[in-house]
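All chains should be modelled from the sequences, with the hints used to inform the complete structure.
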Amino acid sequence: MLNRTTAPEFKQVNEINFIAPKAQQLANGIKVFTVNAGQQELVRIEFIFENVNYDQSKPLQAVTVNSLINNGTKTLTDKEIAEKVDYYGAFLQTEYGADHTTITLHSLNKHLVSVLPIVWSIFNESIFPQHELDIFIQNQKQKLQVNLQKNDFLARKTFANTIFGNTAYGSDIAAADYDTLNRADLLAYFKAAYKPENCIIVAAGKFEEKEFQLLNQFFGQSWENAATSSVNQFHFSAVKGSEIYIEKDDAVQSALRLGNLTINRKHQDFAKLQILNTLLGGYFGSRLMANIREEKGYTYGIGSGIASLKHAGYFFIATEVGTAVCASALTEIEKEINVLKSDLVSAEELDLVRNYMLGSLLGSLENAFSHADKFKNLYFSGLDYSYYSDYIQTVKTISPEEIKAVANEYLDWNAMTKVVVGKK
Amino acid sequence: MVDFNRFTLANGLKVLVHEDPTTPMAVLNILYDVGARDEEEGKTGFAHLFEHLMFGGSVNIPSYDEPLQRVGGENNAFTSNDITNYYITLPAENIETAFWLESDRMLSLAFSEKSLDTQRNVVMEEFKQRYLNQPYGDVWLKLRPLAYEKHPYRWPTIGQDLAQIENAKMEDVKAFFKKHYNPQNAILVVGGNVKTEDVKAMAEKWFEPIPAGNKYERNLPKEPEQVQAKTLTVNANVPLNAIYITFKMPARLDPTYQVYDLMTDIFSQGQSSRLYNSLLKEQQLFSDINAYISSSLDEGLFIVEGKLIAGVTMEVAEKAIWAELEKMTTTLVSDDELTKVINKSESIMVFSEMNLLDKAMNLAYYELLGDADLLNAEIEKYHSITALQIQEAAKTTLQKEKSSTLYYLANA
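So the protein sequences, as listed, match chains A and B. Heads up: the first sequence at position 285 corresponds to 285 in our numbering, and the numbers run straight through without jumps. Numbers given in our numbering equal positions in the second sequence, counted from 1, plus 424.
Read the hints as simulated data drawn from the structure, not as lab findings. Any given hint could turn out to be false.
[To be verified] Quick list of simulated restraints, FRET-style, between CB atoms: (1) B:Thr763 to A:Thr228: 43 to 53 Å; (2) B:Leu656 to A:Tyr245: 28 to 38 Å; (3) A:Gly165 to B:Ser776: 34 to 44 Å; (4) A:Thr323 to B:Glu595: 54 to 64 Å; (5) A:Thr77 to B:Lys824: 33 to 43 Å; (6) B:Pro569 to A:Asp250: 22 to 32 Å.
[Unchecked claim] The calculated lysine to any residue pairs, modelled on SDA-like cross-linking and capped at a C-alpha distance of 20 Å, are: (7) A:Lys84 to B:Lys819; (8) A:Lys248 to B:Ala660; (9) A:Lys143 to A:Thr94; (10) A:Lys84 to B:Ala660.
[What the hints assert, rightly or not] Some chain A residues judged to face chain B by a derived CB distance under 10 Å, without partners named: (11) Lys11; (12) Ile16; (13) Ala37; (14) Leu116; (15) Trp120; (16) Leu187; (17) Ser222; (18) Glu224; (19) Ala251; (20) Ala255; (21) Glu294; (22) Val353; (23) Glu366; (24) Asp384.
Ideal placement from N, C-alpha and C gives every residue a C-beta, glycine not left out.
Next comes the structure, spelled out in structure tokens:
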């Protein structure tokens with residue numbers, strides 16, 4: 001008779017293999033990191049540019065250049081760019097981040113030679129037509145109006161502005177900021193940021209010598225842009241913990257976002273803090289989920305996380321809860337934080353979290369793209385692959401006492417910024 | 425190309441195996457052939473609520489999530505109007521844990537009152553979060569009953585209202601389980617670093633002892649053919665006026681299904697698409713404009729939706745959409761435009777083969793359609809589509825008297 005009450009034998013994940021990229025350079029010195037793996041005849045090429053020359057009076061300058069960079073060049077109209085890219089079944093995406101701006105090309109290998117010249121034109125010949133800028137401003141202002149009616153959007157924005165102020169990490173964008181955008185500023189930023197000295201390339205997929213040569217052919221020469229720039233530098237100091245309440249009369253739920261500045265990936269305690277975060281709110285079985293969703297039914301979901309940025313890290317807890325239970329939810333969150341600071345985690349719970357985190361890391365290395373993503377985490381924090389071996393070692397060996405110590409070092413309810421949008 | 429092996433257990437459970445030795449992971453995906461369309465009026469939202477209850481412990485295993493996380497696994501599920509799909513990702517060497525957990529909850533649930541209480545609350549909060557506390561969040565609560573009059577597609581998966589979820593009873597839960605959650609109504613796909621013979625042995629060990637149950641015979645009311653245009657106007661506390669136009673279109677298995685999919689790509693996929701260029705860029709009538717299909721197993725919907733630029737009248741905006749729809753019925757799509765959307769579809773399919781979970785889910789879904797091999801034949805269907813077929817489909821479908829239009833207006 002089959003015994004269904006006893007779990008089958010299992011093993012803790014033992015071996016996790018990372019594929020380190022091959023480091024090369026184009027003729028003009030652009031660093032290229034390639035993860036050549038996978039069966040499908042396709043590649044992902046990311047052109048990553050540092051954000052530069054931050055001016056808090058022009059908070060939308062970098063993101064707008066990124067959005068409009070494929071909206072017309074000296075040789076191609078916006079529509080021609082889109083049509084050519086689509087015709088070859090390629091995907092050209094622009095992504096603005098707090099530290100970097102990325103232009104990502106996904107393409108089948110057979111069409112790479114046809115789409116790379118389009119990308120070249122974008123980086124060298126973009127003209128940012130006034131007409132395109134006008135449409136962009138009009139549509140973005142409308143999108144912002146819609147977003148400002150979403151409590152979670154408002155909570156996230158208010159939280160970031162409170163802990164990061166008017167920097168690239170926390171800028172409190174209002175509709176009026178779009179009206180300050182002008183072509184001259186966009187062109188100035190474009191000339192300063194989109195140049196070889198400010199670029200690295202990360203390629204993944206079936207990326208072999210032939211593909212590298214193509215890349216060198218199009219991007220290995222000198223580029224048009226050469227204006228001076230300085231890479232953004234930010235310094236932050238902790239703000240005093242406070243509660244910010246934005247009342248919404250018709251809300252049926254309140255969005256909560258709580259947290260504070262913390263260490264980033266470069267700090268030796270980062271892995272320990274990640275384990276602590278997982279216990280608290282970093283997975284489905286976490287204490288916050290177990291208590292506030294599964295035990296009390298206050299919410300559809302609650303989670304916590306740590307974001308590692310170039311010049312800072314931050315810890316946050318986010319949820320949306322019924323307005324009637326908003327105060328109770330806050331009380332329970334505080335309680336869960338304090339329990340981690342006062343009580344030792346049991347061996348049973350800690351073992352589960354160890355195994356979960358190792359399985360999750362293994363599962364996050366699914367294909368060439370994910371190996372490239374892991375590399376970027378290291379590269380932009382100035383770390384090497386020993387970071388991951390240390391991380392795995394820490395997950396396997398951290399003790400309940402160390403968890404408690406990390407909780408006391410990095411979690412402080414009173415120091416947290418607590419944003420509530422809705423009703424309480 | 426997604427390779428697979430296939431066998432059926434004595435109790436009727438279909439099993440598919442996709443061997444991918446390049447990953448250290450495995451996926452166990454189980455699709456139950458039940459969705460919101462199988463619900464009774466007055467008890468809507470039940471298939472989705474039930475999905476939540478599937479995580480509340482089974483007959484021999486008090487906690488579903490905990491033992492899975494302990495072996496390094498993760499899981500989730502989703503419910504649509506047609507299906508309910510559960511999936512587990514875990515290190516391949518621990519795959520048996522997934523068989524153990526998944527087979528026990530197919531055998532029987534714990535049916536705990538506490539779990540029902542909690543999940544009712546959780547789902548009501550989900551209802552609020554996604555449908556009530558968002559600008560435009562309730563659009564599908566309005567649009568479905570406008571577009572459908574008889575077919576159960578007239579309610580969304582979350583349910584018609586909060587009260588029906590609040591009133592869910594344990595007896596309903598038990599009856600629903602008995603009716604739908606048995607081997608004959610399920611498709612199991614195991615993928616990743618596994619061997620078919622091992623999967624077969626584990627499937628026979630864990631799933632084959634489960635009683636076959638009764639086969640659920642679906643007999644849904646058929647939607648009458650629409651012969652008159654329908655409209656609904658709602659006012660809400662939103663910043664922008666919006667319009668949603670829907671048309672009935674053929675079911676997923678109809679040979680022309682892919683023609684409609686491609687047609688919506690021509691209308692609105694990316695910055696080279698027609699609606700984007702004409703309505704957003706050139707005429708500047710909309711700040712957002714999209715066309716898409718609902719991909720339903722029964723007669724589905726073809727939808728065009730947009731948010732109007734402030735100051736543009738609804739009349740002007742609507743007329744401009746219709747001008748684009750009519751162009752599709754009067755003028756053949758050019759070779760370049762057709763090649764473009766076909767190439768794009770091909771790329772999307774190739775890229776989706778990068779992801780193990782996507783492959784497993786796709787195999788299960790196409791097996792439900794009748795044969796998992798249809799997945800590998802799909803791209804050929806897109807390649808064979810002609811401009812004439814697109815024009816014919818547009819003529820058949822994009823007619824005023826077959827449209828249902830929702831005007832979603834900002835409160836002054």
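For each hint, the structure was consulted:
Checked against the given bound of 43 to 53 Å, the beta carbons of B:Thr763 and A:Thr228, roughly 45 Å apart, stay inside it. A beta carbon spacing of about 37 Å between B:Leu656 and A:Tyr245 agrees with the range 28 to 38 Å that was offered as a hint. A:Gly165 and B:Ser776 have their C-beta atoms about 42 Å apart, which keeps the hinted 34 to 44 Å range intact. In this structure, A:Thr323 and B:Glu595 break the distance hint of 54 to 64 Å, their C-beta atoms being roughly 32 Å apart.
Distance hint for A:Thr77 and B:Lys824: a CB-CB separation of about 34 Å, consistent with the stated range 33 to 43 Å. B:Pro569 and A:Asp250 have their C-beta atoms about 23 Å apart, which keeps the hinted 22 to 32 Å range intact. The hinted pair formed by A:Lys84 and B:Lys819 fails the criterion: a straight-line CA distance of about 29 Å is larger than 20 Å. Note on A:Lys248 and B:Ala660: the hinted pairing holds, with a Cα-Cα distance of about 15 Å set against a maximum of 20 Å.
Only pairs whose Cα atoms come within 20 Å are accepted, and A:Lys143 paired with A:Thr94 is accepted, the gap being roughly 18 Å. With a CA separation close to 41 Å, the supplied pair A:Lys84 and B:Ala660 exceeds the 20 Å bound. Look at A:Lys11: its Cβ gets to within about 5 Å of chain B, closer than 10 Å, so that hint holds up. At about 8 Å, the closest approach between the beta carbon of A:Ile16 and any beta carbon in chain B falls short of 10 Å, and the interface hint on this residue holds.
Satisfaction of the interface hint for A:Ala37 is found here, the shortest Cβ-Cβ separation to chain B being roughly 8 Å, below the 10 Å cut-off. For A:Leu116, the suggested interface contact is broken, since its CB lies about 16 Å from the closest CB of chain B, more than 10 Å. Evaluation of the A:Trp120 hint against chain B yields a violated restraint, the C-beta minimum of about 19 Å exceeding 10 Å. Given hint, A:Leu187 at the interface with chain B, is violated; its Cβ is 21 Å from that chain's nearest Cβ, farther than 10 Å.
With 10 Å as the threshold, the beta carbon of A:Ser222 stays out of range of chain B, its nearest partner Cβ sitting at about 29 Å, so the hint is violated. Because the closest C-beta pair between A:Glu224 and chain B is about 23 Å apart, greater than 10 Å, the hint is violated. Because the beta carbon of A:Ala251 sits about 6 Å from the nearest beta carbon in chain B, less than 10 Å, this interface hint is met. A least Cβ separation of about 9 Å between A:Ala255 and chain B falls short of the 10 Å threshold, and the interface hint therefore holds.
Evaluation of the A:Glu294 hint against chain B yields a held restraint, the C-beta minimum of about 6 Å falling below 10 Å. At about 8 Å, the closest approach between the beta carbon of A:Val353 and any beta carbon in chain B falls short of 10 Å, and the interface hint on this residue holds. At a threshold of 10 Å, the smallest CB-CB gap from A:Glu366 to chain B is about 6 Å, leaving the interface hint in force. Among the interface hints, the one on A:Asp384 is violated; its C-beta lies about 23 Å from the nearest C-beta in chain B, farther than the 10 Å criterion.
Violation of the numbered hints given earlier is confined to hints 4, 7, 10, 14, 15, 16, 17, 18 and 24; the remaining hints are satisfied by the structure.
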